[in-house]
Every structure is written in C-alpha cells, then in structure tokens.
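Asks: Note that the protein sequences, when read in sequence, are chains A and B.
The letter at position 108 of the first sequence is residue 108 when you use our numbering, and the numbering goes up by one with no holes.
The letter at position 313 of the second sequence is residue 1313 when you use our numbering, and the numbering goes up by one with no holes.
These are computed hints drawn from the structure, not numbers from a lab.
Predicted, not measured: the structure shown is a model, and the values here were computed from it.
Ideal Cβ positions, reconstructed from N, Cα and C, are used throughout, including at glycine.
Mixed in with the good hints there might be a few duds.
To be verified - Some chain B residues well away from chain A (every beta-carbon gap over 10 Å; in silico):
1) ASP1005
2) SER1041
3) SER1045
4) LEU1279
To be verified - If you want a taste of the chain A side facing chain B, the calculated C-beta under 10 Å gives, among others:
5) GLU55
6) ASP56
7) GLU62
8) THR106
9) ARG253
10) ASP254
11) ASP336
Stated by the list, open to error - For lysine-lysine, the following DSSO-like pairs were computed, each having C-alpha atoms within a straight-line distance of at most 30 Å:
12) LYS1187(B) / LYS108(A)
13) LYS31(A) / LYS108(A)
14) LYS1085(B) / LYS2(A)
15) LYS386(A) / LYS1187(B)
16) LYS1214(B) / LYS331(A)
17) LYS84(A) / LYS39(A)
18) LYS200(A) / LYS84(A)
19) LYS69(A) / LYS352(A)
20) LYS1185(B) / LYS331(A)
21) LYS84(A) / LYS112(A)
22) LYS1164(B) / LYS108(A)
23) LYS1164(B) / LYS31(A)
24) LYS136(A) / LYS1253(B)
25) LYS331(A) / LYS352(A)
26) LYS1164(B) / LYS331(A)
27) LYS39(A) / LYS1187(B)
28) LYS15(A) / LYS84(A)
29) LYS78(A) / LYS1035(B)
30) LYS352(A) / LYS31(A)
31) LYS1187(B) / LYS78(A)
32) LYS31(A) / LYS1185(B)
33) LYS1253(B) / LYS2(A)
34) LYS39(A) / LYS19(A)
35) LYS1049(B) / LYS39(A)
36) LYS1253(B) / LYS75(A)
37) LYS1253(B) / LYS1105(B)
38) LYS1035(B) / LYS200(A)
39) LYS136(A) / LYS15(A)
40) LYS8(A) / LYS1253(B)
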Amino acid sequence: MKEIILCKYGEIALKGLNKSSFESTLVKNVKRRLRRFGKFDYWRSQSTLYISPLEDSIDMDEVLEAVGKIFGIVKMYKALEVDKTMEAILGDTLDYLADALEDAQTFKVEAKRADKKFPHKSPEICAELGHVILEKFPHLSVDVHEPDVTVFVEIREKHAFVNAMKFDGAGGLPIGTSGRGMLLLSGGIDSPVAGYMLAKRGMQIQAIHFEAPPYTSERARLKVEKLAEEISEYCGDIAFHCVPFTDIQVAIRDNCPEELFTIIMRRLMMEIAQRICERENCSCLITGESLGQVASQTMGAIVCTDAACRMPVFRPCIGMDKSEIVEIARKIDTFDTSILPYEDCCTVFTPKHPRTRPVLQDVIDGQNQFDFEPMIAEAVENTKFKLIRCGERTVNL
Amino acid sequence: MVYFDNAATTQPLPCAAAAAVNAIENFGNPSSLHKLGLNASQIVSAARKSVAASLGVSENEIFFTSGATEADNTAVFGAAYSLGKRKKRIVTTTVEHPAIAEPMKVLESEGYEIVRISPRDGTFAAEDIISAVDDNTCLVSCMLCNNETGDILPIGRAFRQIKKRFPRVLTHCDMVQGYLKLPFKAKDLGADMISISGHKVHALKGIGALYIRKGVHIRGLVYGGGQERGFRSGTESVPLIAAFGAAVDKLYKNMDSRSTYVRSLSDYLRERIEQTEGLHLNSRADGSPYVNSIYVDGLRSEIMLHFLEEREIYVSSGSACSKGKKSSVLSEYGVPDRAADSTLRISFCAENTTAQIDELIDALKAAQSTLLSVK
C-alpha cells in the first residue's frame, strides 16, 4: 500500500494571474522542507499539490507533520494510491479506511474521474463503494449532507486515489511571497510569536538579537538561537544576527537620563536593526510588542521608538493579551524555551521608574547628550551571523 | 565468556563509558549559571535529544529518572493520583515486571480497582485489554515485551483503540525489553507514557527515562530543586545521562540490522533446541528474538545455571529480578510448573554469535549426561 499526501492551497487559488507564482513558490518551499525525508514525486492539479514518496523507508506520518507546518496549505489529506480497477478500489479502501470508518456513525462517498476513459462513471463508483462499506461496517449509515467521514475516490491517469483522512494545514501564504522582514528576537514569549505570524503571511524572516556580555550569559544567547530553531520549523531557514550591545548599554547608562534608558535603548536597537535590514534587503522590522504590556510598549513609548524608524515596524501582537500570545507560543512549541529564566539585554540596567509617557523631544535631547554613531557603526560591523536551518536542532540547552 | 543474560543487563559500550568519563571531568552542576554549568547542561541536553529521537518524540517530552523502576512508579502513581480521585480503575496485565506490579498492589490497598488481564494460549489479545477499560478507568499500563518469555503484547492496537473510545484514559507502556530492540516508536504504541532503561541498552545502571506526551500532566514523585522542568527534582546525574545518550545514539543508527542479526541467532537457537532431545522452548516463534525462554527436562534451573556458570556461560533462571522465586509469569503464560522449575532465559545482544549458541547447547547436553546420571 502506498500512501500519498494531497495539499489544498486555499487562498492562493484566489490570486488571479499571480496564482502560478504563488504556486511555484509553495512547491519550492515544500520540496526544500521535505528534502531531509527522502525523494518524492510532486505534481499539481486543480489547486491541489500531490506529494508521493519514491522510497519505501519514508515515514508519511512524519512527512505529514512537516507539511502541516508549511504556510500556504490549508488542508491536507492522506490518500491511498491504488490500481485503477474497481476490485482494487473496493478491496484496498476497506482496509485503509477501517480505523476512520469504525469510529464514524455516518459517511458518504464522492468520486471524481479525471480520466474519463475509466469504464465506471462517478455515481457508479460511489454506489458500489458505498455498498461494500455498508456491508463491512453495518453500524454506519449514509448521510450525504453532514457525514462524519467523506470517502473520496479520484481516478487519475495512472492510478486511483482514495482518501478520507483530513488534517488542518498551517494556513497563510507561502514563505517568500511577501518580502523579507527583520524580527527583533529578545528571548521572551512574544517575539517568536510575532515572527511566526508574519511568516504565516508569507514573509521571509531574519532575526536579530542584542546581547550584552558579560551581563547576559551564553545561555541567554543559546536560548534565543533555540527559539529561532523552533520557529524555523514554520518560518524556514532563518538568517540570525547577533549584535554586541554591551558598550552601547553602558554608554546609555553613563550619559542619558535614567528614566529614558529603555526608550533610548530601543531606539538604538531599531537603528542598528535597520542598518542590518538595509544590508540584507529586508524592508521592515517586526517586534513582539503588545500595547501597554510594559513601560516601553505604551502608546507614548511606541511613538518615540517609531520616530527613530524609517521603515515599517510590524507588531502583530499589538492587540493581543498575554494569554492569547501564550496560546500561540504553546501551539508553535516556543513557550517552554521562552520561559527559561536567563537575563536578556532588555533587563540589564533597567531604570527604577521608566517614563511611561515620554515626550519625543525629551527623548531626542536625552539621546543627543552622547554621540552614539561610532558605537552603532561598530556594533553593526561586529554583528555575528549564523544560518539557522529549518528542522535542524543544534543548540543544546 | 558467553554472556546470554542481556535481558538482566548489558555490557556498557565503550562510547558510553567514554561519555561518562568525559562528563565526570566536566563536573559542573547543570543548574549553575556559569560556564561549567552550561557545559554540563549541554551534555544533558544532547543526550535528551538522542533519547527523544530514538522514540520519535520531542526532547521536551523526555524526563530522566534513576531507572525504569522509578519511571514506572512515576507513571503509575502519577496517573493514579492525578486522575484517580474519581476514576479508580486501572487496567494492567498479570505478567508485568515488579516495577509495575508492586505499585499496583499499593494502589489496590488504597482502594483502587486493579484489573489484571491474563494471556490466552500464551499471548495477549488486544480485545481483552480494550474491553477491560471503561469510563471509570484512569490508567492502562502494559509492557511491550515480556522480560521472561519475550512475548510481544499488542500494545499499539490496544492503546490506539482505547484512546479513541476513552480519550482521557492515560496509557503507559513499560518498554524496557523492547526499547532499541523492537521497531516501535512512541506514536506506534499510542502511549501517553513510556518507561525505558539505560543499562538494558548498553549504557550504565542508575539511569532511565520516562516519556510523557505533550499535553499529559501528571504529578511527579520527587520534589526539590525543580530539575527536569520541575517534574523530577534532584541534580542530574550527568555522567549516567551522557552514557545513556551515547549508547542510544550508537544503537539507534543500526537498530534494524542488529535486530535482523539477533533474529537469526534466535532462529538458530530454536532450531538447535528443537533438534536436541530433552530441550524445549517456552517462547513463541513470534516473540522478541532478544529473549528466549527454554527448559531442560528434569533439571532444575538453579542447578543448571551454576553448571553453565562453571563453563563461563551466563544465563538466567526465569527472570533475574525474581531472584530464584518461582515465576508466576511463566505459569500465566501456560508453562507447566515442572517446566517452569527447569526454565532458563537465554537473552541475546547483537554481540553474541552462533558459535556461542553451539557452546551453550553442548554444555546443556553435557549437563544432561552428567547431572541426570547422578540422579
């Protein structure tokens, strides 16, 4: 018995004349993600991508799990490839679908002939298959409106396919169809979620992290690399940039008003991130900010931070409560890593009473008390780069 | 030396010993925030990944314990105390290892209803296990492979059906004798929890692990510093964990070829036993090739064991854990008392050879001629 996977794309089907470019990006992404499992045959037809394994050793459950994390696919079906004869369709289907049918109360059969030369017409296939299913599973009854299980038979050129097992895909748009963005990854719960959400809409994500050794430890950086590895399951390969930020933080502490430390620090982070964006052809910044969550995420603080930005800053978590963010973090499996208790650069030198309603001019004046430019250039210069490959878990923590 | 007692324990692999020594030298506490601590914690994390990969699960689902006995106890008491306030029924089998059977007795004395399923005609029917589960059940715990006979239980089928009908019932599998021997991963077993042991897979004694599926929450047994993500406190035994990881890494890669080879050993042993007068098999042909139960007409196990020991052939009588006690497991499997008295367990690893089996058969024949003539 050979099992294949059918992927339905959903939204891409609505893209009119651009549809084929979305489709080919999706197929490219799928191929790249599945390379580690072995060789597959791919073909597409009617907003469906067929994935057929060419090696016996491939575990299709693992493949299904990986495909379930590829954006652009809304539904997946596991299907059985059978010979194009009525006997094979009737015989193998019962074994293959036994588990699904045993648990159901009602079912229906649908059939589609892409190959019109097949001697039985679709209604005949439905009637015959329905008949044998009812014979084998007498507890079932037919419901053509809202069945528990829909058994779908598709007759194609070389083979027939039978499926009834439907799974949710990751949704969204294929990565690479919505430009590139730079995610500010701190190590908390929110920023991985923010990255995941924009990747879901097709953005290719790069990540930037600011470290402040010796105040932050190697563990803190490893934790962030681990988070990047975890979201790469969804986002694909991630270019990871690690910026040495200690000198700048010390300079802020020594030269700027204490209550504005955090705001000025964030403005400088934005500046460095933008310079790396320009180098890497990223056209936006992504942060995990949620309105009013902490002092640097109040409306006033965001105004001051954004004033330092010359490219769009996307904050997909802005209207979400912590509990909603945590829910997504659990779903994408970053939560357990995010809550590891290591100091990150945002918590070094935090003011006792940060200004929650900063005035932009005060912040600019505060920042201008020191010439940060040489330090910014040096930090950009000394930024370390690492490529996080999708699906690889190299960080031990 | 001929070592045929691999179900009791195995010889540690050189890579496992080396990993342990390395971890002894990197002696930091994984919880320390400094560099030495980080090094130790990375060793633990790498081993956790290896164990997780071998079961096809995520590293966050693996909790190291002091061995499979602790893993079993944790699973049984954890499930019972977490879910058992209203649901007092637990389904298990009559052939479990004492690490399961004894905790069950304790729970029984606390008012839990323990339903123990027996084998029929020498093996288990999945339906028997499935039909014993009802709405009032909190846990089903069954071993994958019996340690005395090598019988393989139909865990996958049973657990999957149980989870379909009663999604909230927890399923636990003591996989010790099947781990890295039989080609099962966590999802094949449909188990919420799986116990495994290090020293049965050529690592060291004193280390094991409990797999707990993501989303399953049970109470731990050991409280303290919050190690193992708060589930099992106590400073990690980094050397033992490192050895476990190294052994798993090595064995997992060629598990299939090892199993095929051991299957050929087992087939050869069975053939030789069948050809030799006075020697018989308790194990079924479809059991695990790693554990083979045989008996010798008229010769008590312990006498035989010491006779073989003289010739540097090491086997076990019944199961090493019962330390000479008469085995109720064998009688459950329908082995008559007289045969049980004479039962030897021949348990293989991939380092054994057919020449060693020949040596064993020759020794058994010699024992028959010397010991039986004395009688």
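Asks: Please work out if LYS1253(B) and LYS1105(B) have their alpha carbons no farther apart than 30 Å.
Replies: The given pair, whose Cα atoms are some 39 Å apart, is violated under the 30 Å limit.
Asks: Please check whether the beta-carbon of ASP1005(B) is more than 10 Å away from every beta-carbon in chain A.
Replies: holds (34 Å)
Asks: Under the criterion that the straight-line Cα-Cα distance not exceed 30 Å, is the pair LYS39(A), LYS19(A) satisfied?
Replies: holds (26 Å)
Asks: Taking 30 Å as the top limit, are the C-alpha atoms of LYS1164(B) and LYS31(A) close enough?
Replies: violated (33 Å)
Asks: Given the proposed pairing of LYS78(A) with LYS1035(B), does the C-alpha separation stay at or below 30 Å?
Replies: violated (48 Å)
Asks: Take the C-alpha atoms of LYS1187(B) and LYS78(A), compute the straight-line distance between them, and say whether it is at most 30 Å.
Replies: holds (17 Å)
Asks: Does the structure keep LYS84(A) and LYS112(A) at a Cα separation of 30 Å or less?
Replies: Since the Cα atoms of LYS84(A) and LYS112(A) sit roughly 13 Å apart, the hinted pair holds (cutoff 30 Å).
Asks: Taking the closest Cβ pair, is ARG253(A) under 10 Å from chain B?
Replies: Check failed: Cβ of ARG253(A) comes no nearer than 22 Å to chain B, outside 10 Å.
Asks: For the pair we were handed, LYS1035(B) and LYS200(A), check the Cα-Cα distance against 30 Å.
Replies: With a Cα-Cα distance of about 37 Å, the restraint between LYS1035(B) and LYS200(A) is violated, given a limit of 30 Å.
Asks: Between LYS1187(B) and LYS108(A), does the CA-CA distance stay at or below 30 Å?
Replies: This hinted pair holds, its Cα atoms lying about 29 Å apart.
Asks: Please work out if LYS1049(B) and LYS39(A) have their alpha carbons no farther apart than 30 Å.
Replies: Holds, at roughly 25 Å.
Asks: Holds or violated: is there a CB of chain B closer than 10 Å to the CB of ASP254(A)?
Replies: Violated. Min distance 26 Å.
Hints 2, 3, 5, 6, 8, 9, 10, 13, 14, 15, 18, 19, 23, 24, 25, 28, 29, 30, 36, 37, 38, 39, 40, counting from the list given before, are not met by this structure.
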